[in-house]
Amino acid sequence: MQLDDFKNFEALYSGTVSPLIQKKQTLDKESFLVSSAVWLEVRKQDPGILYYETHIYQEDYKMVNMNRSSRKPMFAASNPKRT
Numbered sequence: 004m005q006l007d008d009f010k011n012f013e014a015l016y017s018g019t020v021s022p023l024i025q026k027k028q029t030l031d032k033e034s035f036l037v038s039s040a041v042w043l044e045v046r047k048q049d050p051g052i053l054y055y056e057t058h059i060y061q062e063d064y065k066m067v068n069m070n071r072s073s074r075k076p077m078f079a080a081s082n083p084k085r086t
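With the first letter of the sequence shown counted as 1, position 39 gets the number 42 in our numbering; the numbers rise by one all the way through.
Rather than coming from a laboratory, the hints here were simulated on the basis of the structure.
Straight-line C-alpha distance at most 20 angstroms; calculated EDC-like pairs for lysine to aspartate or glutamate: (1) LYS27 to ASP49; (2) LYS26 to GLU56; (3) LYS26 to GLU13; (4) LYS65 to GLU33; (5) LYS65 to ASP49; (6) LYS47 to ASP63; (7) LYS27 to GLU56; (8) LYS27 to GLU44; (9) LYS32 to ASP63; (10) LYS65 to ASP31; (11) LYS65 to GLU44; (12) LYS32 to GLU56; (13) LYS32 to ASP49.
Pairwise CB distance ranges, derived in the manner of DEER restraints: (14) ILE59 to GLN28: 15 to 25 angstroms; (15) LYS10 to LYS32: 34 to 44 angstroms; (16) MET4 to TYR54: 33 to 43 angstroms; (17) LYS10 to ASN70: 27 to 37 angstroms; (18) ASP7 to ASP31: 41 to 51 angstroms; (19) MET4 to GLU33: 34 to 44 angstroms.
On a predicted model such as this, the values are computed, not experimentally measured, just so you know.
Built from N, CA and C at the ideal position, the CB exists for glycine as well.
Please model the complete structure; the sequences and the hints are all you need to start from.
Here it is as structure tokens:
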């Protein structure tokens, strides 16, 4: 295989308008990078919250809320019929 056989995916994650950038923050307002996490945990009692550690011997988990904040209502309000 030649180098030209590979596609360049840099535009997907570099730049300010990149579609694959996750701009998540911890609950302490620190930026979250999944590449720095060494341990990930999801708990049944906290849906949408990702617990992670950046060091193996870290005592407390850091938390990231992965729930999407929607700006629009999930369902459009039904308009009453006019008579």
